[in-house]
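Peer 1: Sequence:
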Amino acid sequence: MKRTKTNLFLIGSLFLCVVVAACSKTDKNELFQQKLNVIDGVVQEGNTQKALNSLRALRKKAQMPIQYLSIAKRELQLHNPVQALQSIQAGLKKYPDDPMLKAALTHTLIQEDRIEDAAAAAESLLGTSYAGIGTEALILADKAKQTYRTPVSFWQEGFRLTGEHIFLENAAVMLAHQGDIAQAAALRSRIAKEEALRSPYFWSCLAYDMGNFQPVLDDLVYSLAYADMAGIPENNPKAFEYARRHLLLAADASAGLGDMEQARGFWHIYVDRYTDSSSEVFYNLAMTAATEEEKAEVLIDCISQNPGYYPAVAQYVRACSAINAVHNQNNPLEEYLQSKDFFSLEMEKKLFVSSAFTLSAEQVLEGAMATDSDDVRFLLEAFRYRYVQPKNYTQGNGEMWKILEAHPHNPLVKAYARWYFASSGDFNACFGIDKADNHDEDVFYNGIRRAVQGYSTAALKNFAEVETESRYKIPAVVDQAYIYDARNEPDMAIKYFSRAAEFLSDKRSQSKMLYEAARIYAERNGMPEAIMLLNRALKLDPENHRANVLKQKLIADGSVNRNSGLDAFLQTGADTNPE
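Using mature numbering (1 follows the signal peptide of the UniProt record, and there is no 0), the letters of the sequence shown correspond one by one to residues -21 to -1, 1 to 558.
None of these hints come from the bench; they were simulated from the model.
Glycine is no exception: its CB is placed at the ideal position from the N, C-alpha and C atoms.
Please note that the accuracy of each hint is not assured.
Stated by the list, open to error - Below, computed lysine-lysine pairings styled on DSSO-like, alpha-carbon distance capped at 30 Å:
no.	residue 1	residue 2
1	LYS29	LYS40
2	LYS486	LYS518
3	LYS393	LYS414
4	LYS414	LYS381
5	LYS73	LYS122
6	LYS14	LYS39
7	LYS73	LYS52
8	LYS532	LYS486
9	LYS124	LYS217
10	LYS39	LYS52
11	LYS122	LYS52
12	LYS7	LYS40
13	LYS124	LYS73
14	LYS518	LYS474
15	LYS122	LYS217
To be verified - Okay, the calculated beta carbon distance ranges per label pair:
no.	residue 1	residue 2	range
16	ARG525	ARG252	47 to 53 Å
17	GLU448	ASP413	33 to 39 Å
18	GLY25	GLU95	45 to 51 Å
19	ALA209	MET266	41 to 47 Å
Build out the structure end to end from the sequences listed, making use of the hints.
Peer 2: Here it is as structure tokens:
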């Protein structure tokens, strides 16, 4: 009976303690609120200092984050941000993880123009409902210091809160700056499909860099529309500039998709929209023209607009050289027909093409050098036209030395002179030119020097060193192929001739390399491989004389018959191997 009474007493006591504690907590909250109300009355009376002193004293009684915020709010209303910050910091000492107190601290620091301190406190707000305040602080800090410290996640949060595209664009810029183009481009998907892009050119650049060309074409309509809405460039210079760039990017994207007709269409639109169209656009139209006549006409337009645009000048002059070379070829039949006022279709075509070149090469070169007399490329182009193309090496050698004397320290002149003398077979002159202070070039020509002198191992080492450099990759591979062939190392020679054929873009040169590999196979009785490569060589250049001779030799000596099933393959040129 006593135990039962004791238990009842204990239970009753515990219940009473809980009730008392709850009442005590409620009483403290009510007491805190009552004191706040009293302070509010003091404020209404206009006794600011007394109110501030009371708020400072009340800080010790605060038990919850909201109470610290209530004190800080009133201190801010009384224009005492320093005391308000002290109240917030006191609350953070007691509740260091409370997001409301952190947000209040960041916001107050922003209001006080303590941007660096606000930015330092801001990062802890990520993932909370107050991340927007953190974003503002970090952006203001970046703006003040001209830095890019705002994390991507905060930019994304800014977009989520406001829907403003600029936040998402800045997130993409940060990712791209970090080298993550794929993630940057992927952010575009967060913009609703029914929403117009605010910066179409920006997103198109990211897509283009990823090799994703279709969005560039799809988004062009926005860039053009924004420019058209502006009316004149002065109303919105950026819109006009981005539309201009987007058109060029769309042409490049079309080329990337393999649609050159569409690319040309965009270049034509560009020329129509912008009367001051750049020389590069005319040049692109010329180089993708369907006929030589159209190419000549567009090059003339380009040169007329910009006489000193080197790529157009070089292409036009070299085309003139090619026409001169054709005309200088003695063809008795054509001469006889022409004397009788009779022209074959091929003769008419030649005359038609040449008639499109209404400017002489000399005129174009003179105009270019008058426009920019300091550009030695025009001087070298004139030299090429007068001496290299017609292979007039006797006079050319002397003129080349004159150019070297006039420009003794120009690396371009030195490099051209080395190439010219090596091409003409004057290796003594080639090796007599000072180094051009270009490591790769010097290594390449050292390779030629050692090859000519018979030091093949050293030459191979030189060529291998520059094989990865784009400018010397092809000649270095070709030279290694011929050296290995001369050293009677057939496997290596075949390897390098085959690689050279892969790197070359000119079909005649490709055919020549494949012939060399086929020849080596034939010499080693590797007839199936020889025939396969020979067929490829003749497909690329049916007029490859040495390949045709080897073909006839293989047929005549019966080599083909010893390789059952390959005779028709070689004689007809039909590829019986599906691969």
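Peer 1: The structure should be examined with respect to each hint, and the outcome stated for every one.
Peer 2: Okay, the hints, checked on the actual structure:
1. Proximity of LYS29 to LYS40 is assessed by CA-CA distance (about 17 Å); at most 30 Å being required, the pair is judged to hold.
2. For the hint pairing LYS486 with LYS518, the CA-to-CA distance comes to about 9 Å; that is within 30 Å, so the pair holds.
3. Of the supplied pair hints, the one linking LYS393 and LYS414 holds, its CA atoms being roughly 8 Å apart against a limit of 30 Å.
4. Proximity of LYS414 to LYS381 is assessed by CA-CA distance (about 18 Å); at most 30 Å being required, the pair is judged to hold.
5. Taken as a hint, the LYS73 and LYS122 pair is broken in the structure, with Cα atoms around 33 Å apart against an allowance of 30 Å.
6. Annotation: proposed proximity of LYS14 to LYS39 holds, straight-line Cα distance about 12 Å (limit 30 Å).
7. Restraint check for LYS73 and LYS52: the C-alpha separation of about 18 Å stays at or below 30 Å, so the hint holds.
8. Proposed proximity of LYS532 and LYS486 is supported: the alpha carbons are some 23 Å apart, at most 30 Å.
9. As the CA atoms of LYS124 and LYS217 are separated by approximately 25 Å, the hinted pair is consistent with the 30 Å bound.
10. Annotation: proposed proximity of LYS39 to LYS52 holds, straight-line Cα distance about 16 Å (limit 30 Å).
11. Distance hint between LYS122 and LYS52 is fulfilled; the C-alpha atoms sit about 28 Å from each other, no more than 30 Å.
12. A hinted pair counts as satisfied when its Cα atoms are at most 30 Å apart, and LYS7 with LYS40 qualifies at roughly 9 Å.
13. About 33 Å separates the Cα atoms of LYS124 and LYS73, which puts this hinted pair outside 30 Å; it is violated.
14. Proximity of LYS518 to LYS474 is assessed by CA-CA distance (about 20 Å); at most 30 Å being required, the pair is judged to hold.
15. At roughly 21 Å between alpha-carbon atoms, LYS122 and LYS217 fall within 30 Å of each other, so this suggested pair holds.
16. The given range of 47 to 53 Å is respected by ARG525 and ARG252, whose C-beta atoms sit roughly 52 Å from each other.
17. Range check, GLU448 to ASP413: Cβ separation about 21 Å, and the 33 to 39 Å hint is violated.
18. Between GLY25 and GLU95, the C-beta spacing of about 36 Å breaks the proposed range 45 to 51 Å.
19. Range check, ALA209 to MET266: Cβ separation about 32 Å, and the 41 to 47 Å hint is violated.
In summary, the structure is inconsistent with hints 5, 13, 17, 18 and 19 from the numbered list given earlier, while agreeing with the others.
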